[in-house]
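My request is simple: use the sequences and hints to build the entire structure.
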Amino acid sequence: MSNNQKQLYAIGALFDSPDKIIYAANKIREAGFVNYDVNTPYPIHGMDKAMGLKSSKIGYVTLFAGFFGASFILSFMWWTLSVSYPLVIGGKPYFPLPAFVPITFEFTVLSAVVSTAIALIAVAFNFPYNSHPLHDSYYMKNVSSDKFGIVIEAIDEKFKKEDTENLLKSLGAYFTELIYKPEEKTFKIFEPKFLAFLLIIALITSGSTYVTLNKLMYMPPFDFMLHQNRGNAQAKSNFFYNTREMRNPVKGTVAQGYIPYPFNATDSTEYFADPLLPTMEVLRLGQKKFLTFCSPCHGNYADGNSRLQGQFPPGPTLHSQQVINYSDGKIYNIITNGQNVMPSYARQINSNERWAIINYIRVLQRAQNPKPEDFSAIKEIKKENDDNASN
Amino acid sequence: MQKNDTQKELEKLGMSEQKEEKDPNYWRSFKELFQDKSLLELKRHEFGEGVTEDFDPSNLKGISRRKFLTLVGASAALAAAGCSEYRNKGDIVPYNKMPEDVVVGNSNYYASTSTACRTGCGVLIKTREGRPIKVDGNPDHPISKGKTCAKCQASILSLYDPERLQEPMKKTQNGSFINTTWKVVDDDIIDLLSKAEGRQIAVITHTINSPTTKKVLDDFAEKYPGVKIYSYELFDEHLRDSAWRKCYGSGSFPILKWNEAKIIVGLEADFLGSEGDKVETARLFSEGREVNNLDKFNRLYVIEGNMTITGMNADYRIRLRPDAQYEFVMSLLNEISKHGVSIPANISLRSFNLESFSAKHNVSIKKLNHLIKDLLENRGKSIVYAGRTLPEKVHIAVNLLNEVLGNTELYRKDVSIHNVISLSSYDDFSNLTQQIKNGEVAVVIHFDSNPVFHLPKELDYENALKKVPCVISLTGNKNESSLNSNFVLPINHDFESWGDFKTRTGFYSMQQPVIDPIFNSRQKEAILLNWINGKPVYYDPMVYHKYLKQNWQQNIYPTTKSKLSFNEFWNAGLHDGVIFIDESVSGSTTFNTDALSVLDQEKSDNSTYVLLLREGYQSGDGRFLNNGWMLELPHPVSKVTWDNYAAISNSTAKALNVKSNDVISINTPGTNLKIPVFIQPGAADNTIAIELGFGRKVVGVVGEGVGFDAIPLMSYSNSHSPWIISASNILKTDENYKLVSTIDHHMMEEVREKNIAEKRKIIQEGTVKEYKRNSKFLSKKNEKNNLSIYNEHDYPGVKWGMVVDLNKCIGCGECVVACVAENNIPVVGKDQVAVSREMQWLRVDRYYSGSIDDPKVSNELMLCQQCDNAPCENVCPVAATTHSPDGLNQMVYNRCVGTRYCSNNCPYKVRRFNFFNYRDHFKNGYQQSNLLSLVYNPEVTVRSRGVMEKCTFCIQRIMEARSEAIKEHRPLKGSDVTTACQDACNTNAIKFGDINDKESEFYKFREHELGYYVLEDLNTKPNVTYIAKLRNTDAEEI
Amino acid sequence: MTNDYSVDMVIVEGNPKLRDIDEAVIAPIEKKASKKYFIALSITGTLLMIGAVCITLTFYYGIGLWGNNIPNAWAFAITNFVFWIGIGHAGTLISAILYLLRQHWRNGVARFAEAMTIFAVMCAGIFPIIHTGRPWLAGYLLPYPNQHSIWPNFVSPLVWDVFAVSTYFTVSLIFWYIGLIPDFATLRDKAVTKAKKFIYSFFSLGWRHSNRHWRHYEKVYMILAGIATPLVLSVHTVVSWDFAASIIPGWHSTIFPPYFVAGAIFSGFAMVSTVLIFVRKIFNMEHIITLNHIEKMNQVILLTGSMVGYAYIIEWFMAWYSGSTFELFETVHRAFGIYGWAYWLMVSCNVIFPQLFWLKKVRRSIPITLAIVILVNVGMWFERFVIIVSSLSQDFLPTSWAAFVPTIYDFGILLGSFGLFFTLILLFAKTLPVISISELKGVMRDAQPTHQGVDHE
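Residue numbers (the working numbering), protein chains in the order written: chain H, 1 to 391; chain F, 392 to 1429; chain C, 1430 to 1886.
Now the stretches of chain F that chain H is said to cover, found in silico as 3 or more residues with beta-carbon under 8 Å:
{"no.": "1", "stretch": "498–507"}
{"no.": "2", "stretch": "520–529"}
{"no.": "3", "stretch": "902–913"}
Derived CB-CB ranges, DEER-like:
{"no.": "4", "chain 1": "H", "residue 1": "Glu183", "chain 2": "C", "residue 2": "Phe1488", "range": "51 to 57 Å"}
{"no.": "5", "chain 1": "H", "residue 1": "Asn238", "chain 2": "F", "residue 2": "Lys848", "range": "40 to 46 Å"}
{"no.": "6", "chain 1": "F", "residue 1": "Ala1356", "chain 2": "H", "residue 2": "Gly207", "range": "48 to 54 Å"}
{"no.": "7", "chain 1": "H", "residue 1": "Asn385", "chain 2": "C", "residue 2": "Ser1578", "range": "38 to 44 Å"}
{"no.": "8", "chain 1": "C", "residue 1": "Pro1659", "chain 2": "H", "residue 2": "Leu199", "range": "46 to 52 Å"}
{"no.": "9", "chain 1": "C", "residue 1": "Thr1485", "chain 2": "H", "residue 2": "Phe67", "range": "44 to 50 Å"}
{"no.": "10", "chain 1": "F", "residue 1": "Ala467", "chain 2": "H", "residue 2": "Met225", "range": "31 to 37 Å"}
{"no.": "11", "chain 1": "H", "residue 1": "Pro93", "chain 2": "F", "residue 2": "Ala963", "range": "54 to 60 Å"}
{"no.": "12", "chain 1": "F", "residue 1": "Ala1356", "chain 2": "H", "residue 2": "Asn238", "range": "34 to 40 Å"}
{"no.": "13", "chain 1": "C", "residue 1": "Thr1485", "chain 2": "H", "residue 2": "Gly207", "range": "20 to 26 Å"}
{"no.": "14", "chain 1": "H", "residue 1": "Glu183", "chain 2": "C", "residue 2": "Ser1578", "range": "52 to 58 Å"}
{"no.": "15", "chain 1": "F", "residue 1": "Ser1354", "chain 2": "C", "residue 2": "Ser1578", "range": "23 to 29 Å"}
{"no.": "16", "chain 1": "C", "residue 1": "Ser1463", "chain 2": "H", "residue 2": "Lys160", "range": "52 to 58 Å"}
{"no.": "17", "chain 1": "H", "residue 1": "Met225", "chain 2": "F", "residue 2": "Glu613", "range": "57 to 63 Å"}
Anything over 12 Å on all C-beta distances counts as not near chain C; from chain H, calculated:
{"no.": "18", "residue": "Glu162"}
{"no.": "19", "residue": "Arg230"}
{"no.": "20", "residue": "Lys383"}
What the hints contain is simulated information worked out from the structure, not anything from laboratory work. Owing to the predicted nature of the structure, the values given are computational and were not obtained by experimental measurement. Where a beta carbon is used, it is the ideal one built from N, C-alpha and C, also for glycine.
Structure (C-alpha cells):
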C-alpha cells in the first residue's frame, strides 16, 4: 500500500503439542475472536470443532460439474454424429447409445475432478494471489514443520496488541511473534527485460507459424497428398521438353468414336448421310448444342436474329430456301470446316453433336412452314419440354 | 489481501454514509466515536484506491486480469505477423492448339494390337490427354473378345520404363558403349551392309506376325542379297505342328472348339495358363462351366508332372512324370482298342497295358477307368490335348487317339493358325553358328530379339557371336544380346508403333501408336527401311506409317473387295482395330497311318529324375523381367513372387533330404544349375519343374538378380524334347535361398486342422451330381438379417455388389494386374513381400485340401467385401472409412491417421497399409521417376505413406458413369459400370452390378442358390457373393 | 522378524520426531546427489536416447521400420501401451482405494506410487501417437471443429481410449499435485536458495497449513479419492475394449475387462515394489518404507496374480464352451503355435512364481521378492504381446496368416520407454518429497490430540 510505515498484520503464537493447540483454539473461539486461524503441519482431528467451522461445501461443485459434464458430452456426441455430420458407420444407427457410455463416464469424471480442483485452488487459496504476510515468518517456518500455531489478525475487533499477546502466552504458547504486512511490490510492464521476453515469444510463435503454414504443409508427407506423383490434366511436366504433360495424339491415328472427317470445305458432300434418327434425345442434344454454339450468331430460332447486335457480322437466317435445300452433309461440312466468316467448330462440337444440331435445324426449319400433321407432334414436344423444365 | 482491505474500507464507508442522515450519537466502533484520522481520510474517497485511477498496466499489482490480457494481446498481435499468404501450387500448361479428338479430363480409346505374346490380342488403349494409361481388351477382336492377359496389361509399364534405351549406342574399342546419333550409326551400318557382299547378313527375330514387316524384310533381303531371316521362340509349337504334318500332311495343328467339348484331357498341357491362345481357350473353356447350363458342363482331366493353372481346375488330376506321358497315351490306346475301337494295324500296343501302367506309376486305376469310360461315351465330344513340350511321338499318338475317337469333330475347319513366317528349326541355328565360326557371316542383326539369352547353351551362340565383325541389336531395353553387339539401336515400344498382324486366317489386326516416341527411338521396321533407302538425308518419322499404308493400298486393300474408298477403309480399320476378310481354309483331314511308324515301345524309367522346363507365368520368355507388376504378381499356383524355383514333390524332397528354400544343384551334361527347391503339392515324384525366363544377367534394376536361368538346361540333342530332360544327378547343397510368397507357407504348415478352409466356411463346394440331385444342397445359411440388434440402413437407388463365380475363376491372377494398373498400386519389392506387406488390393487365395500328393485346389478371389456391417468402420477413430449411400465401404485417404485398427478388425484382411512411401522405398525411387509416374491413373489418388488403402469397387469408374448418367438425364444403371478386374477376367468369372435392380442379369447371380458369403456367420453382410464351385466328378470321391 | 496381524502394523519404525521426518524426506532433495545416482541417471538417459533415435527414424521413414505387417498391424507399440497403462494402475489404487479403506500403511508408499502412475501413463501415452502411420495428424482423434467439419468416430474404442487415458492422466496429476501442495509449502519454508524458494512457493500456491484450508483440502482429497476409484477401474476396462470390442478370435471376449484390470493392478504393484526396494535402500528410508509395506504389497500381488491365472483358465473353458472353431483354434494356437513359448513364459511368470508368496518367509525376503516382481513385470509384458500378436497372426483366413518378427527399432523404442520411465523416477526422487510429509506426520504416534487437554479447567 501507499504508506511506507509497516502495518501490523497479526500476532502468531506457537505451541508444541496437538493437545495444547486444540485447547488454545477452543479458548480463543470462546474469547470471541473471529479473524484468527490455526496453522498445523497436518490436519488435526477435532480442530474444526474446536474452531467451530462447518464442514466444507466444496462437494457441491463436484456434483454439479459432474452432471453438467455428463449431459454436455452426451448431447455433444449426439449432435456431432446425428446432426452435424451424420455418417453410416458399420451399419450402426446414428445414435448408438451403448457405444457412447464409456466416453460419457470418462468425461463426467474429468469435468468433476477438474472443476473441484479449480474450486479448491481458486476459492480456498484466492488464486492467483499466493503471497501472504505470514510467509517467511519464523512462525510459518515452524508450523510447516512440527509446531502448531494460532494467528490472530489485527483487524479483529477484539484485537489489542498486548492483551492478545498475553492471552496467547497464557494459553501455553511458548513463543509469540508480531507479523507485519509486507510492502506491495509492483513491477513495470515496459521494462526492457519484459519487452525482450515478449519479443522472443513473438519471434518463436511467428517463425514456427510461418514455417508450418508455408513450408511444412507443402512438404511430403505433410502436404495432405497435394503433390500427386502422376500425370494430371494440364499439369507441368518435368520430363517432356515442352514441359507439357499433355501430348498430342499421333498423326494418322483414329480414336474410338472419332472417325476423321474425310472432306475439305470445297468437297461436295451431297451423299454424306445423317446417321442419326431425329429422336427426342437427339433433338434435345441438338437444341442444347445449337443454343450454346450456333444461336449467338444465327439466333435462338435460327432466324438470323443475332444476339451479338452487330459487334460481329450477323449470321444469316437458316430458314432461307437455300439453306433448306442444303443436304445434311453440306451443313455438316460447314460446321466442320466453316464457311466465309464462320470458323470451324470441329473442336467444340463432336461429330455426333453436329448431326444432332443438323436434326434440330431441320426441326426449326420445318417449324417455320409446318405441315398440318406436325402440330400434334409440336404440342407433344412442348409438353415434354415443360415436364423437363418442371422437374 | 487487497480484497479483504477494500471490503473492510467499503463497509466502514457504507456505515459512515448512513451516519450522515442518522443521529450522530449512534456509533458503531471506537474509531468512529473518536473520529479516527484514517477514517476521515477514507471518507474523502468514494472508492478504495487503485479502483478509479486511469489504466496503467505498469501500476497493476502482481498478475491481474488486466495485465494478463495485456500480455496475451501483445504476444498474439506479434504472433499474427507470422501468418502470411500460401505458396503457389504450380503452373498450368494447356494445349496451345487443341486436338480435335481430345477433351481434357476425358479418356480416349485407341484400338491396337498387343504383341506381348504370339496371340496378338486386340486391345483398346486408354489414353488421357494423349498419354496411354491403361490397356483394355478390344471386344471386336475375334480371339480376345475384349479380354486381356496379365502381360498385356503390364506391357504399359514397360512403355514408361525409365531404363529404356534412349539414344543409339556404338561400342568403342575398349568395349564400352557411347551414345551417338542416328546419322552416324545409319551411315556406318549401311557401309557394313553394302560391304557384306557374298557373306551372310543374319537377321534374328521372334515370330513375325505382320505381313508388312515381312515385306520390309523381303525388301531388305532384296537390297542386301546376303540377308537371311532366322526366327525363334523360347517355347514354340514345332513338335505339335510337325506331328500334325506327319499325320495330316500339311498345315498346323487346328484351333479347337473347347466350348463344345464334354471331356477335356490335358496331357502336360497348361492351355489355361501359358499355352496357345490362352485368352481364348480360357474363355471357351469357361463356357463349359456355366452353372445355369449344367448340360454343357465339361469335365477336365489333367495328367501332368507339376501343378499348373490347368491342373488346379481339373476335376480329375493325375500326377505323372512327363516322360511317362507316351506310355500313358499308348496304354489308353490299348485300353480303348479293347473296347472295340479300331486302331490302325501298323502299331503294336501289346506291351502297353493300363493296369501295369497304373501299378508302375501308382495312378488310381479307378480314375483311369473313369477316363476310359468318359472317352468312349463321349466320342466326338472330347478332346485329348498334348502339351507343346511333349515329344513328337506323343502328339502323333494323341492325334491318333482323337482320330479314332472321332474327336476331329472339335477341330475348327473354318479358321486356322496363320504363320506369316514359319519359325526356323534348331538345325538352321546350328548351321548359323557353324557359318559364324567359319567366318561366313558379316553382320548379325538382332531384330527385337535376345538370342544370347534364349538359345540353348549347346549352340554356344554367345561365343560364336564374338567372331562376327558387326553385331547390331534393335531393342527397347538393354539385354544379353545387346551387350555383345557393336551397335545398339533403341526401338519403339508397341504403343509407339504402327503395324498390322495376321495370326489367323480370316482377319487382320491393326496396330496404331498412342503416343509419339518418348525417347530418340525408331520403329524397327523404319530402321530397316532407312537402310534400304540407302544413305538417308533425313529420317521421316512417318516413314513406316506411309510404307504400311502404301502396302495395304496396293496389296491388301484390293483383295478385301471393300466398297469403301481406301481412306475410309483404312480409318475404319484403325478405328475398329480389326479388318475381316473372307478366306477359306485348305488342308487335308485324312489321317496318314504311316506317321505311326515312329510309335515305339519306349517306357519311362521311374527311378531317374526328369527335368520339366515350363514357360514362366510372370516373366514370359524373359522380356517381362524388368516389369515390377509382373514380378510381383503372385505365381498362380505357388503364390511365390520375384523368383523361380525347382518345384518337386514332397516325397522327392524327402528322398533328396531337402526342404523348401534349400538349394539343390542340377547337373546335366555340359551344365549345372543351383536353384532353390519349392515343395509343390501334387507334383509328380522325381520330376523337377522349373520355369524359364528368369535369371537374366543383363536387365534393369527391377529384374536384377530375380530368379535363376534354367535355359542352359534346354537341350535338343536329347531323347525326349527340348524341355523335358532326364537329369543324371541332383545334389543337395548346403546353401539356402529365401523364396517369398504372399501366402505364408510356414504358417500354413502350422495348421493342425485339415481342410480348414471348408471347416471355416471360407470355401464351399459341391459336385454337379449333388447339385442336380438337390439344388439347395449348399445348406443355405438361412439365418440371414436376423442377427442384428440394430435395424439396418436402407440403400435406395443403386447399391453396388459383385459376384465371383468360382466355377469360372481359374485363378490365373490377371485381374490382379488389371487392378494394379487401374488403381495406382505401387510395387513394393521382394523384401517387403517377404514381411507380407504386398499392396495388391485383389488377391487370389489358393487352398489345398486332401493329401499333399493328390490335393484338391480351390481358388477364391479375395477383395474388399464392402460389408454392410463393416467391422473396419466401427473401429476407425477418425471416421476415415465409412459407408456411402450406394453401399460402398469408402476409404478417405486424407482423413486416415494410420492406426491400422481397421485392418486388424477386417476378417478378410483385404486392407493394405503404406508402411513406407513405396514409390520412394522400392529401388530407391524407381517408381517416382518423372517418366514412370505418367503410367498412374489421374482419376485415382496416389497414396502417401502411413495411409490405409483397399479395394473401392473402382469408385472412380462409378463416379465417371454417374456423371455421364447425369449429363444424359437418365438414372444410373448397374450395367453402366464395369470394374477393372471384371474387364480383364478372361472367363467372365467376375460380375458387377446393382443389387437393388431385380431385373438385371447380375441379380440372378446375386441371389443364386449356389451363392454364399465368406465367413457369413460373422454377419458382416458382405456385398460380394461367391458362387460355390461345382466339381464335375462322380459323387463317389476318387 | 515376527509381526502380529491383530494390531495395526507399525507404519514408521523407531518413532522419530516430526522434524526428523522432514529431514529424512527432504534429505535426498537437499543433499548433493551421490555418484550412484548419476550412474543410474546416465544409464536410464542412454536408454532414453536410444528410444529417441529410433522414434526419430520411424518418423522419417515410416512404420515400415518396425516388424509390423498385415495381418500383424499392431505389435510392440500397442503391447507397450497396454503394459505401461497397466503399470500406472497401482498408483491410483494405492492412493485412492486404500485411502478410502483407511489403510494407513499406504502413506509410506502412496506418493511414490502416484508419481509412478503419472510417469507410466506418460510412457504409455507416447505409443498410440507414434504407432500411427501419420502421427502429425493425431489431432484428428480430438473432437475439435475443423475445416472438414467432420468429427471423430465416438463409436471407436480408440476414441474411448483417448478420453480414458487423458482423463486418467489429468486426474492422477491433479490428485498427485493436490497431495503435494502442503509438502511444497514445507519445502518452501525449508528452502535456502532463492531459486528453490521461488519454485516451491510458486507450486505451493501460498499454502499456509491453515486449518480453514485444511478442511476444504481434506474434503477435496476425499472426493478425488472417491472419484478416482471407479476411474482407475474404468481405464483398463476401456483399454481392454480395444480388443474385446473387435471381432478377432482371441480378442473378442467378455472376460477382458476384469482380466485386464486385475492384470494391471498386478503388474502395477510389481513395478512399485521393484522401484521401492531400490529407493528405500538408496535413500535409506528403511524405517519409513518398511518390510511391512513390501509384505502387504506382496499379498496384493499374490491375490491379483491368482485372479489373472483364473482368467487364463477361463479363456480355455470359453474357447471350448463357445463352440466357435475360430476361438478354439486361436486358443490352442496361442499355447502351442509359433508363439507358444511366449504363452508359457507368461503363464509361469504371472501365475506360477507369484504363488510362492503364500509363504511368509518369501513375502518378507527382499531378494526373492525382487526376483519375483521383476519376473511378474516380464510376464505381464508378454501377456499383452501374446494377446495382441498371436491373435492377429492367425485369424480367419489362413491365406492371410503371417508371423510377426520384431526389428531393432521395436526393441529400441521399448528400451526407450523404460529409459523415460526410470529417468523420470530418478528426477522425481531427487527434486520432490518421495513420501507425503504431512500425511505421514498425521499418522505418526501421538500425532493426534488425546483430547484430555480440552476438559481440564
